[in-house]
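Asker: Protein chains in written order, with the working numbering: chain A, 1095 to 1452; chain B, 3 to 331.
Since the hints were derived computationally from the structure, they do not count as laboratory data. Note that CB positions come from ideal geometry on N, CA and C, so glycine has one too. It is possible that some hints are incorrect.
To be verified - With a straight-line Cα cutoff of 25 angstroms, these simulated DMTMM-like cross-link-like pairs (lysine to aspartate or glutamate) come out:
1) K199(B) x E1444(A)
2) K320(B) x E191(B)
3) K161(B) x E1411(A)
4) K1353(A) x E1373(A)
5) K1380(A) x D1340(A)
6) K223(B) x D192(B)
7) K199(B) x E277(B)
8) K1372(A) x D1097(A)
9) K199(B) x E1411(A)
Stated by the list, open to error - Now the stretches of chain A that chain B is said to cover, found in silico as 3 or more residues with beta-carbon under 8 angstroms:
10) 1195-1203
11) 1239-1247
12) 1399-1410
13) 1434-1442
Unchecked claim - Just a few of them, taken from the derived set where beta-carbon distance is under 10 angstroms, the chain A residues facing chain B:
14) Y1098
15) L1099
16) D1187
17) L1210
18) A1213
19) K1221
20) V1252
21) Q1253
22) L1351
23) I1356
24) P1357
25) I1377
26) P1420
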Amino acid sequence: MTDYLKIYYLMRLTRAMEDRTRTLFLQGRVVGGVYTAQGHEATTVGAAMMLRDGDCIVPQHRDLGMHLVRGISPRAVMCQWLARGNAPTLGRDGQIHIGDMHHGVVPMISMLGESLPVACGVALTMKMRHRSTITLASCGDGATNTGPFHEAMNFAAVQRLPLALVIENNGYAYSTPTVKQFAIEHLSERARAFGIPGESVDGNDVLAVMEAVGRAVERARAGEGPSIVECRTFRVRGHSEADKADYVPQELREEWLKKDPIPRFEAYLTEKGMLTAKEKAEIEEKVRTVVDDAVSFAEQSPEPDGATVADYVFAPEGPVAIVGEPGASDPRYVNALDTRIGQPFNSMSEAEEAVGRR
Amino acid sequence: MSESRVTYLEAISQAIREEMRRDEAVFLLGEDVGTYGGAFKVSAGFLEEFGPERVIDTPMAEAAIIGSAVGAALMGMRPIAEMQFIDFITCGFDQIINMASKMYWRVGMPVPMVIRGPSGGGTKGGPFHSASPEAWFFHTPGIKVVVPSTAYDAKGMLKSAIRDNNPVLYLEHKLLYRMPELREELPMEDYTVPLGKAIVRREGEDMTILTYGAMVYQCLKAAQTLEEDDDLEVEVIDLRTLSPLDREAILDSVKRTNKVLIVHEDTLTGGIGAELSAILAEELFEYLDGPVTRVAAPDVPFPYAPPLEAAYLPNAEKILTAARKLAAY
């Protein structure tokens, strides 16, 4: 598969995973809230495609695409939604609140914007350890109004941290339109307050996203400090699946549905002769297989045992490896394994195969 | 002539310096910790020894300071985040409560970090420079809370906190920083004091006082008077670590003395004393010969003017009054 077809596949997989999650929710099989990101796939997949091994993402709730690009396992994602005992959070948390530092994924929390100071700490470590790796963080338009957003970006700028921030401006923070959130036109203008570059790009154009994020990533990698890329997209569904989003003008939604990033990229690939009908069918088949496998795996997985509820509040004693340094995955380190279960972290596809315990 | 006996503040400083020398993963970040050496000079000379990459002067931004510490800790570093005054920890609250403290439980990744800073009153600091914030964090699963009262413990417990694989809130009492009476000779060799272990500061059979931080000294003073004037032998237990609590030490002592007085500088309602009272009521109901009694600050914000501060803070006199009432049972 060429890189372009990989990108197309990952965009399709992201959409299909969320479509299936929504179905599971409507069937009453997801116990908690469901947050999806139809329309964000060009931004999330495109941005993460610009990274290398050793880089780290600090994603948010509409970034399933980033997770999948970086190797988060569809099985793990479905186990999270279905609150399974073998989910990466062992059923203690839901949604895509998952990660594995050894594979460069910082698990998010629900307080949006709070991951950005954490991203600074990851990037600070990369800088202190004189690495050429970088941190790619994301947030929505809503989170740009929080204190932690400003504290983090300012600190990153002062310290010239290897950080690229993607702002996914999807028009609404829950029901609140951007006009009630901030008085600037483009969120990339926020960069000026920190003395760093900022640009705005069509977030539904995967190639444009890759180009712009690529510039920010290269700048971070070269030691020139952080940048902001605003990807302008639209949240064509509700904040959560419980939200009908009837506050969004119908014509506005329809306008953006016409700009759906997946058909758009598909048309581009087809026109360039990079995606044949046969290849498209093969990709659809693969997407279906992966999603079906993830759902059936999750459904066959056990629920957590209520007797474990008070376990794992504190991490055990022992040496902790500096992530990314030689030997850091040696099991003698407390952070090399998921010490709660005495097994490798299972949020990544490859780790899950390596575990082979399911 | 240089004084070989170190202050509580010098003990803290030594702990950080020695840990930074021992382990390159340890670093310090906070407001004015570098060039200025910290508002109380805990890190004086650190910038010169360790350089600006490991002694980081930050903007005035507690969420960025604590959040960066969380990120670095996830990477396997052992950051020490300084709050210039512990009162300002509220500005970084979410990073502690929702980010750091839930991380291992939620995703299995340890967060080995220390948040430390000057707490407590008695210095005319007023409502924003006198806080005893321990109860908020005592109530939060996933973070340890440490409250040393001597130079020896300050050093040994800070080393343990830095080496711990969890978020640790290390509360320094600023009134003790340079108190001459607290100077002591510390071991030349590396030593630690384990977290989660209380210590008996004075033995006695007639009553147990449970306390921590600067109040240890007020309690010892009261205990001395009770011995001299009332012929009472009062046991004073310095809890040292609030979370995890040394339940065994508490229960062992109260089983022997059958009377317990709890003293803390923080406000009364929902404070550490409330939980201690509940534990004692649940575990030792049949052993108690008098009501579990608390001496704490009243449920008001910390005041500024000297007469108000004096009225607010518990002291030996207030402890004596409460202890005598309890002893009469």
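Asker: Determine for every hint whether it applies to the structure shown.
Answerer: Evaluation of the provided hints:
1. Restraint check for K199(B) and E1444(A): not satisfied, since their Cα atoms lie roughly 43 angstroms apart, outside the 25 angstroms limit.
2. Between K320(B) and E191(B), the direct Cα distance comes to roughly 40 angstroms. Violation of the 25 angstroms bound is thereby established for this hinted pair.
3. Using a Cα cut-off of 25 angstroms, the hinted pair K161(B) and E1411(A) holds, with the two alpha carbons roughly 14 angstroms apart.
4. Taking the CA atoms of K1353(A) and E1373(A), the gap is about 23 angstroms. The hint holds against a cut of 25 angstroms.
5. Between K1380(A) and D1340(A) the CA atoms are separated by roughly 35 angstroms; this puts the pair beyond 25 angstroms, and the hint is violated.
6. Among the hinted pairs, K223(B) with D192(B) is inconsistent with the structure: their alpha-carbon atoms are about 31 angstroms apart, more than 25 angstroms.
7. A distance of roughly 17 angstroms separates the Cα atoms of K199(B) and E277(B); the hinted pair therefore holds under the 25 angstroms criterion.
8. A distance of roughly 17 angstroms separates the Cα atoms of K1372(A) and D1097(A); the hinted pair therefore holds under the 25 angstroms criterion.
9. For the given pair, K199(B) sits about 16 angstroms from E1411(A) by alpha-carbon distance, which is consistent with the 25 angstroms threshold.
10. With a threshold of 8 angstroms between beta carbons, the proposed coverage of the region 1195-1203 of chain A by chain B holds, since 4 of its residues qualify and at least three are required.
11. A stretch counts as covered by a chain when three or more of its residues have a beta carbon under 8 angstroms from one of that chain; for the region 1239-1247 of chain A and chain B the count is 4, and the coverage holds.
12. A count of 5 residues in the region 1399-1410 of chain A with a Cβ less than 8 angstroms from any Cβ of chain B is obtained; the coverage claim is therefore met, three being the minimum.
13. Judged by the Cβ-Cβ criterion of 8 angstroms, the region 1434-1442 of chain A is covered by chain B as claimed, because 3 of its residues qualify and three suffice.
14. Because the beta carbon of Y1098(A) sits about 33 angstroms from the nearest beta carbon in chain B, more than 10 angstroms, this interface hint is broken.
15. Because the smallest distance between the Cβ of L1099(A) and any Cβ of chain B comes to about 32 angstroms, over 10 angstroms, the interface hint for this residue is violated.
16. Interface restraint check: D1187(A) against chain B, minimum CB-CB distance 5 angstroms, threshold 10 angstroms, status holds.
17. The interface hint given for L1210(A) is met, as the beta carbon of that residue sits about 7 angstroms from the closest beta carbon of chain B, less than 10 angstroms.
18. Annotation: interface hint on A1213(A) holds; nearest CB of chain B at approximately 6 angstroms, less than 10 angstroms.
19. Taking 10 angstroms as the C-beta contact cut-off toward chain B, the hint placing K1221(A) at the interface holds, the least distance being around 8 angstroms.
20. The criterion of a C-beta within 10 angstroms of any C-beta in chain B is met by V1252(A), whose closest approach is roughly 6 angstroms, and the hint holds.
21. Below 10 angstroms, beta-carbon pairs count as interface contacts, and Q1253(A) has one with chain B at about 8 angstroms; its hint therefore holds.
22. Evaluation of the L1351(A) hint against chain B yields a violated restraint, the C-beta minimum of about 35 angstroms exceeding 10 angstroms.
23. The interface hint given for I1356(A) is violated, since its Cβ lies 30 angstroms from the closest Cβ of chain B, which is over the 10 angstroms cut-off.
24. About 36 angstroms separates the beta-carbon of P1357(A) from the nearest beta-carbon of chain B, more than 10 angstroms, and the hint is not met.
25. A distance limit of 10 angstroms between C-beta atoms decides the matter here; for I1377(A) the minimum to chain B is near 31 angstroms, and the interface restraint is violated.
26. About 13 angstroms separates the beta-carbon of P1420(A) from the nearest beta-carbon of chain B, more than 10 angstroms, and the hint is not met.
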